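Peer 1: Spelled out from the first residue to the last, the chains are:
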Amino acid sequence: MRDLAHFQPRWMSFALCLVAASLPLLISQHPNFMNLAILVGIYYSVCIGLSLIFGIGGQLSLAQAAFYGIGAYTSALLSTKLGLPVFLSFAAAAVASGVIGWVLAAPILRLRTVYLAMATLAFGEILVTLIRENREITGGSTGIINLPTPTLGAFSFDTPVRYYYLVWTFALLAAWIAHNIIKSRVGAGLRAISDSEIGAASCGVDVVRYKTWMFVLGAIFAGVAGALYVHYLSFISPDSYSANFSILMVMILAIGGRTSLIGAFLGAVIVTTLPVALAGYDAYSPLLFSILFLAAVMFLPDGIAGAARSSLIDTGWSRKWRSGKEFNQ
Amino acid sequence: MRPPTNSAEEQPMSSSTILQFLFSGLTSGALYAFVALGFSVTYSSSGVVNFAQGQFVMLGGLVAASLNTLFDLPVLPSMLLGTAAAALTGLVVGRVFILPILKLGEFRLILVTLGISLFLEAIALLIWGTDPWALPSLLDLEPFRIGGASLSSDSVLIIVMTFTTLAGFTAFVRYTRWGRAMRATSIDRTVASSLGVNVPLTIVLAFVLSAVFGGVAGALLTPLIATGSQVGMLMTLKGFTAAVLGGISSPMGAVIGGFLLGVIEAFAGGFISSAYQNAIGLAILILLLMFRPEGLFTLTTRRA
Numbered sequence: 001m002r003d004l005a006h007f008q009p010r011w012m013s014f015a016l017c018l019v020a021a022s023l024p025l026l027i028s029q030h031p032n033f034m035n036l037a038i039l040v041g042i043y044y045s046v047c048i049g050l051s052l053i054f055g056i057g058g059q060l061s062l063a064q065a066a067f068y069g070i071g072a073y074t075s076a077l078l079s080t081k082l083g084l085p086v087f088l089s090f091a092a093a094a095v096a097s098g099v100i101g102w103v104l105a106a107p108i109l110r111l112r113t114v115y116l117a118m119a120t121l122a123f124g125e126i127l128v129t130l131i132r133e134n135r136e137i138t139g140g141s142t143g144i145i146n147l148p149t150p151t152l153g154a155f156s157f158d159t160p161v162r163y164y165y166l167v168w169t170f171a172l173l174a175a176w177i178a179h180n181i182i183k184s185r186v187g188a189g190l191r192a193i194s195d196s197e198i199g200a201a202s203c204g205v206d207v208v209r210y211k212t213w214m215f216v217l218g219a220i221f222a223g224v225a226g227a228l229y230v231h232y233l234s235f236i237s238p239d240s241y242s243a244n245f246s247i248l249m250v251m252i253l254a255i256g257g258r259t260s261l262i263g264a265f266l267g268a269v270i271v272t273t274l275p276v277a278l279a280g281y282d283a284y285s286p287l288l289f290s291i292l293f294l295a296a297v298m299f300l301p302d303g304i305a306g307a308a309r310s311s312l313i314d315t316g317w318s319r320k321w322r323s324g325k326e327f328n329q
Numbered sequence: 001m002r003p004p005t006n007s008a009e010e011q012p013m014s015s016s017t018i019l020q021f022l023f024s025g026l027t028s029g030a031l032y033a034f035v036a037l038g039f040s041v042t043y044s045s046s047g048v049v050n051f052a053q054g055q056f057v058m059l060g061g062l063v064a065a066s067l068n069t070l071f072d073l074p075v076l077p078s079m080l081l082g083t084a085a086a087a088l089t090g091l092v093v094g095r096v097f098i099l100p101i102l103k104l105g106e107f108r109l110i111l112v113t114l115g116i117s118l119f120l121e122a123i124a125l126l127i128w129g130t131d132p133w134a135l136p137s138l139l140d141l142e143p144f145r146i147g148g149a150s151l152s153s154d155s156v157l158i159i160v161m162t163f164t165t166l167a168g169f170t171a172f173v174r175y176t177r178w179g180r181a182m183r184a185t186s187i188d189r190t191v192a193s194s195l196g197v198n199v200p201l202t203i204v205l206a207f208v209l210s211a212v213f214g215g216v217a218g219a220l221l222t223p224l225i226a227t228g229s230q231v232g233m234l235m236t237l238k239g240f241t242a243a244v245l246g247g248i249s250s251p252m253g254a255v256i257g258g259f260l261l262g263v264i265e266a267f268a269g270g271f272i273s274s275a276y277q278n279a280i281g282l283a284i285l286i287l288l289l290m291f292r293p294e295g296l297f298t299l300t301t302r303r304a
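Residue numbers (the working numbering), protein chains in the order written: chain L, 1 to 329; chain S, 1 to 304.
Read the hints as simulated data drawn from the structure, not as lab findings.
Just so you know, not all the hints are guaranteed correct.
[As the list claims (entries may be wrong)] The calculated label-pair distances, taken between Cβ atoms and stated as ranges, are:
| no. | chain 1 | residue 1 | chain 2 | residue 2 | range |
| --- | --- | --- | --- | --- | --- |
| 1 | S | D131 | L | T273 | 44 to 52 angstroms |
| 2 | S | T69 | L | L25 | 54 to 62 angstroms |
| 3 | S | G148 | L | I198 | 40 to 48 angstroms |
| 4 | L | Y165 | S | V92 | 44 to 52 angstroms |
| 5 | S | L126 | L | S196 | 36 to 44 angstroms |
[To be verified] Far from chain L, by Cβ distances over 12 angstroms, these chain S residues were calculated:
| no. | residue |
| --- | --- |
| 6 | P77 |
| 7 | L80 |
| 8 | L104 |
| 9 | E121 |
| 10 | E142 |
| 11 | F144 |
| 12 | L151 |
| 13 | R177 |
| 14 | R180 |
| 15 | I187 |
| 16 | S193 |
| 17 | Q230 |
| 18 | V244 |
| 19 | I264 |
| 20 | A279 |
[As the list claims (entries may be wrong)] Partial chain S-side listing against chain L, Cβ under 10 angstroms, derived:
| no. | residue |
| --- | --- |
| 21 | S44 |
| 22 | V48 |
| 23 | G115 |
| 24 | I280 |
| 25 | L285 |
Computed from a prediction, not measured in an experiment: that's the story for all the values here.
Virtual Cβ for every residue (Gly too), placed ideally from N, Cα, C.
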């Protein structure tokens, strides 16, 4: 089934890969730009997971910061306290966030709409408290410093350019997996769930299983992204895992466009570069983000990507098709 | 919320210590009750769970505190103007943001209220910065000594105000024209509209009322705990927990839920660990949503 609302031309994926691969040629001399490009890759990975459950499935999960933190702390602790090779601790981060996501999914995904949002928000805040208070394990508010750099045999990812390729390999892998899910029956099922859970269930969609596995996959992507980020900084502290991060991810998807992977990418670029572009006025960036977010949810339900798609690519026929139904309710 | 009164943590558990926990629990409970009441009003009239509810507390407190600190306004006028500022914000939120998109469906509505919440927080951050602002005591009486525990006059005031507000609101809903319109809207918007109720106006009124509740709570709280620009989201979570605890569609339930949550948190903080006080309140929310989402005291079923 090819749903026109989620149609994505193939050349765009190729273009994205090509840009991602060649970007360091242009900007490797500018450490600030490299840093931004790595950050975009990290945020993009977290948002890809969120776009499945929230963007396509219509479930407002604000637990993304929690899984990002679980992955980050799992990897940081295993690589420093047990001296595990960093790539193994990355794998452990994926497993830990995935398992916790799976355990959490059973009770929490029965909740809908605002109840789900509040419960996932509460889960994240509880987790931050646990990290802060268990000082002997996590280092409390000061965190852990000197996290090791990932190495593969004799090759060490110790320069920003190398780390950039590591992060973007993972981001594009996650995007590829998500892309295939969106195209498959599961993606169609998720869109049905977003329209009406009861309707989807009566058409044979296994609502609980679909929601659970998308939630788990989102947790894994966020967990690995979190681990990648702290080993890039070589430092971890609980401040980055509060509700604000989860909300920032929702903002990225709402601004960029929550039903497409290109939208997640656009949103990640906007949210990371805007504070830098504002230069001396970056104190205003929370205000600007909230205005963009409000404008997007009120006027552009499918974000910038959706608006661009409907004005550039749509044929008259598809516009007629879409005007028949309220979009993504 | 940390207990605002000086807790006697070092002493052995005596009746006075327990009484002290109870007092601080009732004080923060009064605050939660106000926020929960706000949730209840907007939810029953418009079906919207307003993510920005906690930001009204922040606005009421910060406007009152800054009027008093910067312009030397006496405490009572500062508090009233703080509440008025919250009410005005509630009017704008209801009229400009909620009304036009009310028919767009629950999902978009939640995101819009989340956006409003972020917008208010971002503005407050620019105006007031991250430091908390304090307000002097309104009554400025000696703390009451009851059974070895002390209860400040500000605590008594906020607790008394909670019950006064509940009584006033109940009377308003029961006996006035506007209250009847509100009840009709909460039962069935379409039928109410066909019987001549001005539904949009009623919904805006509900948002103003909910903002007043939040603003009053923030203004009354600031003498006890200094208010910072970032307390809103936690207030939203706590108030929502209280509302779910008591049953979100009943004002009485919201107030009971508020006090219950405050007391549970204070005792959990006192007996287990004060560091986990907030986390315990939030764990209650998760457990409650899992096992009894319709509230502890409600017999009716939840709206689908």
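Peer 1: The structure should be examined with respect to each hint, and the outcome stated for every one.
Peer 2: Right, here's what the structure says about each hint:
D131/S and T273/L have their C-beta atoms about 29 angstroms apart, which leaves the hinted 44 to 52 angstroms range violated. With their beta carbons about 55 angstroms apart, T69/S and L25/L fall inside the hinted range of 54 to 62 angstroms. About 57 angstroms separates the C-beta atoms of G148/S and I198/L, a value inconsistent with the hinted range of 40 to 48 angstroms. A C-beta distance of roughly 48 angstroms is found between Y165/L and V92/S, which places it inside the suggested range of 44 to 52 angstroms.
Distance hint check: the CB atoms of L126/S and S196/L are about 41 angstroms apart, consistent with the given range 36 to 44 angstroms. The claim that P77/S is not at the interface with chain L holds, since no C-beta of that chain comes within 12 angstroms of its own (minimum 29 angstroms). Distance check for L80/S against chain L: the nearest CB is about 28 angstroms away, which clears 12 angstroms, and the non-interface claim stands. At roughly 7 angstroms from the closest C-beta of chain L, the C-beta of L104/S falls inside 12 angstroms, breaking its exclusion from the interface.
In this structure E121/S is not separated from chain L by more than 12 angstroms, as the shortest Cβ-Cβ distance comes to only about 7 angstroms. With a closest Cβ-Cβ approach of about 36 angstroms to chain L, E142/S is found to remain outside the 12 angstroms limit, as its non-interface label requires. For F144/S, the requirement that its beta carbon stay farther than 12 angstroms from each beta carbon of chain L is met, with the minimum near 33 angstroms. Against chain L, the non-interface label of L151/S holds: every CB pair exceeds 12 angstroms, the least being about 28 angstroms.
For R177/S, the shortest C-beta to C-beta distance to chain L comes to about 31 angstroms, beyond the 12 angstroms cut-off, and the non-interface label holds. No Cβ of chain L comes within 12 angstroms of the Cβ of R180/S; the nearest lies about 27 angstroms off, and the non-interface call holds. For I187/S, the requirement that its beta carbon stay farther than 12 angstroms from each beta carbon of chain L is met, with the minimum near 21 angstroms. With 12 angstroms as the threshold on Cβ separation, the claim that S193/S sits away from chain L holds: the shortest Cβ distance comes to roughly 21 angstroms.
Under the 12 angstroms C-beta cut-off, the non-interface status given to Q230/S relative to chain L is violated; the minimum distance is some 9 angstroms. Not every CB of chain L lies more than 12 angstroms from the CB of V244/S, the least distance being 8 angstroms, so the non-interface label is violated. The Cβ of I264/S lies farther than 12 angstroms from every Cβ of chain L, with a closest approach of about 15 angstroms, so its non-interface assignment holds. Not every Cβ of chain L is farther than 12 angstroms from the Cβ of A279/S; the closest lies at roughly 4 angstroms, contradicting the non-interface assignment.
Because the closest C-beta pair between S44/S and chain L is about 14 angstroms apart, greater than 10 angstroms, the hint is violated. Because the beta carbon of V48/S sits about 9 angstroms from the nearest beta carbon in chain L, less than 10 angstroms, this interface hint is met. Nearest Cβ of chain L to the Cβ of G115/S: about 4 angstroms, under the 10 angstroms cut. The hint holds. This hint holds: I280/S has a C-beta 9 angstroms from the nearest C-beta of chain L, less than the 10 angstroms allowed.
The interface hint given for L285/S holds, since its Cβ lies 5 angstroms from the closest Cβ of chain L, which is under the 10 angstroms cut-off.
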